[in-house]
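Visitor: Residue strings, one per chain:
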Amino acid sequence: MAKAHVTMTVNGKKVEELVEPRTLLIHFLREQLNITGPHIGCDTSHCGACTVDLDGKSVKSCTMFAVQANGSDIRTIEGMANADGTLHALQEGFREMHGLQCGFCTPGMILRAYRLLQENPKPTEEEIRFGISGNLCRCTGYQNIVKAIQYAAAKLSGVPLQEAAE
Amino acid sequence: MNAQTPTSAERAEKLEGMGCKRKRVEDIRFVQGKGNYVDDMKLPGMLYGDFTRSPHAHARVKKIDTTKAAAVPGVVAVITAETLKTVNLAWMPTLAGDVQMVLADGKVLFQNQEVAFVIAEDRYTAADAAELVEVEYEALPCNVDPLKAMAANAPVIREDTKDKKEGAHGPRKHYNHIFNWQAGDKAAADAAFAKADVTIKEMIAYPRVHPCPLETCQCVASFDKIRGELTLWGTFQAPHVIRTVGSLISKIPEHKIHVIAPDIGGGFGNKVGAYPGYICAIVASIVTGRPVKWVEDRIENLSTTAFARDFWMETEIAATKDGKILGLRCYTVADHGAFDACANATKWPAGLFSIISGSYDIPAAHVSVDGVYTNKAPGGVAYRCSFRVTEAAYAIERAMDIMAQKLGMDPAEFRMKNLIRREQFPYTSVFGWVYDSGDYQTALNKAMESVGYKKLRAEQKQKQEAFKRGETREVMGVGVAFFTEIVGAGPSRNCDILGIAMFDSAEIRIHPTGTGICRLGTKSQGQGHETTYAQIIATELGLPADNFMVEEGNTDTAPYGLGTYGSRSTPVSGAATAMACRKIKAKAQMIAAYMLEVHDDDLEWDVDRFRVKGNPERFKTMTELAWAAYHEVPPGMEPGLEAVDYYDPPNFTFPFGAYICVVDVDVDTGATKVRRFYALDDCGTRINPMIIEGQIHGGLTEAFGIAMGQEIHYDADGNVTTASLMDYFLPTAVETPHWETDWTTTPSPHHPIGAKGVGESPNVGGVPAFSNAVNDAFKFLGSTHIQMPHDHWRTWTAADKLGLHA
Chain A
1 MAKAHVTMTV NGKKVEELVE PRTLLIHFLR EQLNITGPHI GCDTSHCGAC
51 TVDLDGKSVK SCTMFAVQAN GSDIRTIEGM ANADGTLHAL QEGFREMHGL
101 QCGFCTPGMI LRAYRLLQEN PKPTEEEIRF GISGNLCRCT GYQNIVKAIQ
151 YAAAKLSGVP LQEAAE
Chain B
1 MNAQTPTSAE RAEKLEGMGC KRKRVEDIRF VQGKGNYVDD MKLPGMLYGD
51 FTRSPHAHAR VKKIDTTKAA AVPGVVAVIT AETLKTVNLA WMPTLAGDVQ
101 MVLADGKVLF QNQEVAFVIA EDRYTAADAA ELVEVEYEAL PCNVDPLKAM
151 AANAPVIRED TKDKKEGAHG PRKHYNHIFN WQAGDKAAAD AAFAKADVTI
201 KEMIAYPRVH PCPLETCQCV ASFDKIRGEL TLWGTFQAPH VIRTVGSLIS
251 KIPEHKIHVI APDIGGGFGN KVGAYPGYIC AIVASIVTGR PVKWVEDRIE
301 NLSTTAFARD FWMETEIAAT KDGKILGLRC YTVADHGAFD ACANATKWPA
351 GLFSIISGSY DIPAAHVSVD GVYTNKAPGG VAYRCSFRVT EAAYAIERAM
401 DIMAQKLGMD PAEFRMKNLI RREQFPYTSV FGWVYDSGDY QTALNKAMES
451 VGYKKLRAEQ KQKQEAFKRG ETREVMGVGV AFFTEIVGAG PSRNCDILGI
501 AMFDSAEIRI HPTGTGICRL GTKSQGQGHE TTYAQIIATE LGLPADNFMV
551 EEGNTDTAPY GLGTYGSRST PVSGAATAMA CRKIKAKAQM IAAYMLEVHD
601 DDLEWDVDRF RVKGNPERFK TMTELAWAAY HEVPPGMEPG LEAVDYYDPP
651 NFTFPFGAYI CVVDVDVDTG ATKVRRFYAL DDCGTRINPM IIEGQIHGGL
701 TEAFGIAMGQ EIHYDADGNV TTASLMDYFL PTAVETPHWE TDWTTTPSPH
751 HPIGAKGVGE SPNVGGVPAF SNAVNDAFKF LGSTHIQMPH DHWRTWTAAD
801 KLGLHA
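Here the protein sequences come in this chain order: A and B.
Position 106 of the first sequence, counted from 1, bears residue number 106 in our numbering, the numbering being contiguous throughout.
Position 73 of the second sequence, counted from 1, bears residue number 73 in our numbering, the numbering being contiguous throughout.
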């Protein structure tokens with residue numbers, strides 16, 4: 001199969017590759033770029049384990065071809081930490097509030113929460129639950145994921161964390 | 001002692017030992033996308049395998065032509081049963097004493113059964129070529145209904161065993177019959193029913209469901225022809241068992257098989273068994289001389305690797321008219337699919353189903369279970385429960401409600417009247433299990449007070465009146481469940497897997513600087529073992545939890561163990577960890593006595609040190625003793641500080657809990673809103689309350705999914721109609737209720753640290769609590785039992801049958 005030429009920015013780095021036109025973005029990231037943080041959980045775009053941030057939108061990377069992402073700016077869990085290497089408030093929040101267990105949904109969940117907080121920095125619990133409803137978790141029952149996102153929202157907007165930690 | 005000297009309590013707190021909400025060690029890598037799951041692996045020259053699968057539920061395989069598939073550029077080999085026969089691997093033994101086809105041999109027995117395995121340079125090519133394997137089928141009549149499996153004219157499913165009168169678990173009474181298993185005293189139970197004032201009988205079905213962890217089953221097999229060694233990385237809840245079984249099947253000596261389970265993305269029982277994908281990947285690596293990866297997709301996962309439940313339980317209770325239970329009977333038909341590949345302890349074809357007497361003091365009982373073959377996927381696993389315990393808990397807890405209804409008693413009051421009393425522990429159940437400890441009335445009372453039970457019932461009564469007056473179309477239900485589990489398999493006198501006693505192990509090595517490594521025979525799939533085992537060590541040895549690395553899953557380095565399922569990690573390996581610590585501590589005490597020039601008996605333990613009795617200024621800390629163990633041991637003592645413990649528990653543990661669920665049901669849409677869910681758990685000693693609470697949230701959410709919407713459904717032609725997340729219900733954050741958790745603490749008297757295990761309790765107790773709540777909502781309209789799952793359609797249908805839409 002003739003390969004297509006793609007360029008994109010992934011976690012701040014320019015990449016230039018040849019891909020089969022049918023290659024899904026998730027396979028391109030995982031197998032060609034060795035970015036294995038985003039996972040594959042369902043193949044039918046229900047579970048959200050493959051969620052990445054693409055040009056300011058949450059995208060399920062199993063539902064998009066790599067060629068469709070040509071020219072885009074992509075962020076994955078590998079690009080979430082702060083510039084100084086410390087954890088992003090969401091990464092910190094997930095650990096502090098016990099928002100993960102097996103860790104398989106976590107990269108997608110954090111990327112989805114990142115976009116949610118960009119669009120709505122002070123979401124209510126209901127807005128958080130609705131906002132992450134495209135991402136499935138089999139371990140936590142979501143309650144602590146909600147708290148983790150509340151923790152991050154509080155931290156990012158400079159509100160004391162006391163309440164979130166309760 | 002001066003003012004700066006920390007007190008014992010201050011020193012203890014710094015250890016982050018048992019009882020501390022220690023943050024999880026494993027999260028550091030997971031929140032940065034640095035977990036290491038099987039599909040993240042990439043080895044030089046690695047190939048990919050994919051299956052051609054049967055579209056039929058039951059068909060003769062007339063011909064398999066792999067020519068076109070093999071001709072696809074990039075395809076390296078195509079394996080069929082004929083290939084596997086050359087290495088005697090077309091069939092494999094199951095954990096339940098049956099055999100199972102690895103690839104279709106003559107017939108296919110369930111939809112999506114593995115027919116051919118295509119190995120190619122990349123996964124897209126493998127998938128393309130798998131489509132090009134040409135298979136000629138002759139469709140046969142199929143049966144997917146367990147209650148029709150033993151009919152006179154039922155299709156013969158297993159031609160290889162159809163004439164065998166004896167199965168792995170005794171005599172067979174039909175060609176589709178696998179086993180009959182009984183427990184209890186039938187004559188005594190029958191006598192109890194004969195004299196009872198009130199009896200109830202109900203077919204309580206627990207439909208087929210699937211654990212559906214977010215990561216599917218997968219492996220990478222790499223066979224080194226020169227060394228004759230196989231390395232197998234995979235999603236294994238029980239890596240040592242996989243190695244032993246792999247050796248027995250493949251004839252590769254066990255020491256030349258290296259099984260490694262890296263990070264696992266959830267298991268819930270799905271990853272206990274050995275599946276054709278593993279065998280095919282191994283054979284493919286042997287054939288090609290290159291590493292081979294196999295990763296199932298979600299449809300393959302839901303329709304082929306394991307299932308859970310599919311228990312059809314005709315349950316009866318006999319009682320006096322004032323509500324004292326006299327007897328229990330249950331006749332169950334268990335659908336095991338096309339091969340009996342249930343992951344049970346080998347001697348227990350129906351698992352620990354005789355925990356069905358539950359939390360109640362029942363004088364006479366009998367259960368009988370018939371296992372049958374159908375044209376459905378094999379591999380019944382204990383999905384987030386000990387073997388068949390959730391089925392038993394569901395049957396008894398539904399039946400208790402049905403009996404309370406018939407007696408005109410409140411379901412909580414009826415339970416309270418029959419609960420085993422505190423002074424009866426240790427309590428020998430009617431089936432012979434010795435319940436280790438419990439304080440059931442306290443738990444139920446606390447639960448009822450916490451939710452304001454009386455007020456809820458008063459509100460329900462008002463709403464029922466309003467409904468009858470036509471003022472509302474909503475009905476309210478209050479579900480009560482009181483469960484007792486039997487976990488921590490297990491005592492070797494009761495439990496083995498293929499003859500291997502179900503002990504477990506821990507090996508702890510203390511380094512000279514007072515840090516160390518602990519390796520275990522269990523395998524976390526999200527339970528947080530790296531965090532919690534270190535907390536046990538911290539408390540036992542007085543060294544900070546942060547000083548310990550916990551490692552599991554590598555069969556070359558970890559001591560032998562039976563793995564993680566059935567809530568057995570804490571009851572068994574947790575005990576082994578404590579016992580290994582105590583061996584280390586005993587040696588440290590001798591070293592301390594030598595250094596302090598006193599007799600061993602003159603020393604006492606104080607949090608992190610041995611001190612001289614009556615002279616606390618003279619002490620040696622464990623950090624000092626670790627150094628000394630490599631530096632100045634007493635004459636004649638061997639240097640070093642390490643221990644291994646293989647723990648064979650004297651008994652199971654019996655966690656319990658009281659759950660109350662409140663629902664509001666719209667009878668016109670069937671939509672059911674969970675208004676409140678309160679879960680009180682007693683898991684004995686609590687190692688990490690944060691992790692316990694997290695596991696309860698997760699287990700309740702899985703229970704919510706099962707009770708309110710999950711089913712692996714087959715149509716009459718044997719097509720799986722719920723094999724993707726489009727059709728199989730997994731709760732999202734929107735539907736999932738808010739969870740209220742609570743606890744009492746009744747330590748296990750026989751466990752070294754008193755812990756009982758907790759991860760599965762919420763699934764065991766949650767399902768009946770939801771189901772009882774929905775059923776409770778319709779009771780006042782004359783309904784007795786509505787089958788799970790209580791999705792909107794079924795609930796609407798139930799309302800319709802009650803004439804509510806007339």
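These are calculated hints, taken from the structure and not from any lab test.
Watch out, some of these pointers could steer you wrong.
In silico BS3-like pairs for lysine-lysine, Cα to Cα no more than 30 Å straight-line [as the list claims (entries may be wrong)]:
1. B/K468 with A/K155
2. A/K3 with B/K42
3. A/K13 with B/K34
4. A/K155 with A/K3
5. A/K122 with B/K321
6. A/K155 with B/K173
7. A/K14 with B/K34
8. B/K673 with A/K14
9. A/K13 with B/K42
10. B/K186 with B/K165
11. B/K468 with B/K673
12. A/K3 with B/K68
13. B/K779 with B/K406
14. B/K62 with B/K201
15. B/K454 with B/K779
16. B/K14 with B/K587
17. B/K34 with A/K57
18. B/K446 with B/K23
19. B/K14 with A/K155
20. B/K62 with B/K42
21. B/K164 with B/K63
22. A/K122 with B/K673
23. B/K34 with A/K122
24. A/K155 with B/K21
25. B/K201 with B/K173
26. B/K225 with B/K85
27. B/K251 with B/K461
28. B/K347 with B/K186
29. B/K406 with B/K446
30. B/K321 with B/K463
31. A/K122 with B/K23
The calculated label-pair distances, taken between Cβ atoms and stated as ranges, are [stated by the list, open to error]:
32. B/G640 with A/Q118: 39 to 49 Å
33. A/F130 with B/T721: 25 to 35 Å
34. A/E17 with B/E131: 50 to 60 Å
35. A/E126 with B/P141: 45 to 55 Å
36. B/V87 with A/E126: 12 to 22 Å
37. B/R11 with A/E17: 47 to 57 Å
38. A/E17 with B/D648: 26 to 36 Å
39. B/E82 with A/A81: 45 to 55 Å
40. B/G106 with A/F130: 47 to 57 Å
Glycine residues also receive a C-beta, built at the ideal position from the N, C-alpha and C atoms.
Visitor: Each of the hints needs a verdict: does it hold here or not?
Guide: These are the hints, each one checked on the structure:
The suggested pairing of B/K468 with A/K155 is violated, with an alpha-carbon distance near 51 Å, which exceeds 30 Å. A threshold of 30 Å between alpha carbons decides the hint, and for A/K3 with B/K42 the separation of about 22 Å falls inside it, so the pair holds. Among the hinted pairs, A/K13 with B/K34 is consistent with the structure: their alpha-carbon atoms are about 19 Å apart, no more than 30 Å. Of the pairs offered as hints, the one joining A/K155 and A/K3 is violated, with about 45 Å between alpha carbons and a cut-off of 30 Å exceeded.
Among the hinted pairs, A/K122 with B/K321 is inconsistent with the structure: their alpha-carbon atoms are about 58 Å apart, more than 30 Å. For the suggested pair A/K155 and B/K173, the alpha carbons sit about 67 Å apart, so the restraint of at most 30 Å is broken. Note on A/K14 and B/K34: the hinted pairing holds, with a Cα-Cα distance of about 21 Å set against a maximum of 30 Å. A hinted pair counts as satisfied when its Cα atoms are at most 30 Å apart, and B/K673 with A/K14 does not qualify at roughly 49 Å.
A hinted pair counts as satisfied when its Cα atoms are at most 30 Å apart, and A/K13 with B/K42 qualifies at roughly 22 Å. Among the hinted pairs, B/K186 with B/K165 is consistent with the structure: their alpha-carbon atoms are about 24 Å apart, no more than 30 Å. Distance hint between B/K468 and B/K673 is fulfilled; the C-alpha atoms sit about 20 Å from each other, no more than 30 Å. Pair hint A/K3 plus B/K68 holds up; C-alpha atoms about 24 Å apart against a cutoff of 30 Å.
Among the hinted pairs, B/K779 with B/K406 is consistent with the structure: their alpha-carbon atoms are about 10 Å apart, no more than 30 Å. A C-alpha spacing of about 47 Å is found between B/K62 and B/K201, which places the hinted pair above 30 Å, so the restraint is violated. Between B/K454 and B/K779 the CA atoms are separated by roughly 18 Å; this keeps the pair inside 30 Å, and the hint holds. Taken as a hint, the B/K14 and B/K587 pair is honoured in the structure, with Cα atoms around 24 Å apart against an allowance of 30 Å.
Among the hinted pairs, B/K34 with A/K57 is consistent with the structure: their alpha-carbon atoms are about 23 Å apart, no more than 30 Å. This hinted pair checks out: B/K446 and B/K23 have alpha carbons roughly 29 Å apart, not beyond 30 Å. This hinted pair checks out: B/K14 and A/K155 have alpha carbons roughly 27 Å apart, not beyond 30 Å. As the CA atoms of B/K62 and B/K42 are separated by approximately 38 Å, the hinted pair breaks the 30 Å bound.
Pair hint B/K164 plus B/K63 holds up; C-alpha atoms about 28 Å apart against a cutoff of 30 Å. For the suggested pair A/K122 and B/K673, the alpha carbons sit about 26 Å apart, so the restraint of at most 30 Å is met. A C-alpha spacing of about 29 Å is found between B/K34 and A/K122, which places the hinted pair at or below 30 Å, so the restraint holds. Restraint check for A/K155 and B/K21: satisfied, since their Cα atoms lie roughly 21 Å apart, inside the 30 Å limit.
Restraint check: the Cα-Cα separation between B/K201 and B/K173 comes to about 25 Å, which is no more than 30 Å; the hinted pair holds. Distance restraint check for B/K225 and B/K85: the Cα-Cα separation of roughly 20 Å lies within the 30 Å cut-off, and the hinted pair is therefore satisfied. The suggested pairing of B/K251 with B/K461 is violated, with an alpha-carbon distance near 67 Å, which exceeds 30 Å. Of the pairs offered as hints, the one joining B/K347 and B/K186 holds, with about 21 Å between alpha carbons and a cut-off of 30 Å not exceeded.
Between the alpha carbons of B/K406 and B/K446 the distance comes to roughly 26 Å, so the proposed pair stays at or under 30 Å and holds. A threshold of 30 Å between alpha carbons decides the hint, and for B/K321 with B/K463 the separation of about 28 Å falls inside it, so the pair holds. Distance restraint check for A/K122 and B/K23: the Cα-Cα separation of roughly 26 Å lies within the 30 Å cut-off, and the hinted pair is therefore satisfied. At about 55 Å, the CB distance of B/G640 to A/Q118 disagrees with the hint of 39 to 49 Å.
Checked against the given bound of 25 to 35 Å, the beta carbons of A/F130 and B/T721, roughly 29 Å apart, stay inside it. Between A/E17 and B/E131, the C-beta spacing of about 27 Å breaks the proposed range 50 to 60 Å. Checked against the hint of 45 to 55 Å, the pair A/E126 and B/P141 passes, with Cβ atoms roughly 51 Å apart. Our hint of 12 to 22 Å for B/V87 and A/E126 is violated, since their Cβ atoms are close to 58 Å apart.
At roughly 56 Å, the beta carbons of B/R11 and A/E17 sit within the given window of 47 to 57 Å. The hinted window of 26 to 36 Å between A/E17 and B/D648 is violated, with their beta carbons roughly 55 Å apart. For B/E82 paired with A/A81, a C-beta distance near 53 Å keeps the hint of 45 to 55 Å intact. Look at B/G106 against A/F130: about 52 Å separates their beta carbons, and that is inside 47 to 57 Å.
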